[in-house]
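Engineer: All chains, please: the whole structure from these sequences, using the hints.
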Amino acid sequence: MIPGLVDAHVHLTSVQTPEGIVQEETQKLLAAFLLSGVTSVLDCWGTDEIFVLREKIRSGAVFGPRLRATGMGLTARGAHGTEFGVMVAPIDTEEAARARVRELAALKADLVKGAIDPVRADG
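The opening residue of the sequence shown carries number 454 in the working numbering; numbering runs sequentially from there.
Heads up, some of the hints might be wrong.
Stated by the list, open to error - Simulated DEER-style distance windows between Cβ atoms:
1. 548 with 516: 22 to 30 angstroms
2. 513 with 490: 14 to 22 angstroms
3. 542 with 564: 30 to 38 angstroms
4. 545 with 485: 36 to 44 angstroms
5. 482 with 456: 20 to 28 angstroms
6. 482 with 455: 17 to 25 angstroms
7. 563 with 542: 39 to 47 angstroms
8. 530 with 454: 42 to 50 angstroms
9. 561 with 516: 17 to 25 angstroms
10. 565 with 487: 26 to 34 angstroms
11. 492 with 552: 28 to 36 angstroms
12. 545 with 456: 38 to 46 angstroms
13. 485 with 505: 19 to 27 angstroms
14. 501 with 462: 16 to 24 angstroms
No lab work stands behind these hints, which were simulated from the structure alone.
Don't be surprised by glycine CBs; every beta carbon is placed ideally from N, CA and C.
Structural biologist: Quick look at the structure:
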């Protein structure tokens, strides 16, 4: 016997995930975590729909590991998350950052993830 494992950086949803993340493939992945001994995961940046999935797992409606989530993080223009060519709203002002943190608080995000360093072409 070993204690349950924790995967502290997963992406169950993304801005590229079709609506309705509790799909067959996602459920297979959640079951695979448990079958592999992973009893807790931290989803680090995805759509806010992750909070719906978290509640479904907590209620027992979906079989999966304990889920902690950040939702869509805060990113500066040109920073991580903006380089993928998908819609990620950069935070350009202090007011916008505060507003997003308030939104995450209302969603009961487990943490807030932020990216402030610009993406560099030279790695």
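Engineer: Hint numbers the structure violates, sorted upward?
Structural biologist: As far as the earlier hints go, 1, 3 and 7 are violated by this structure, in ascending order.
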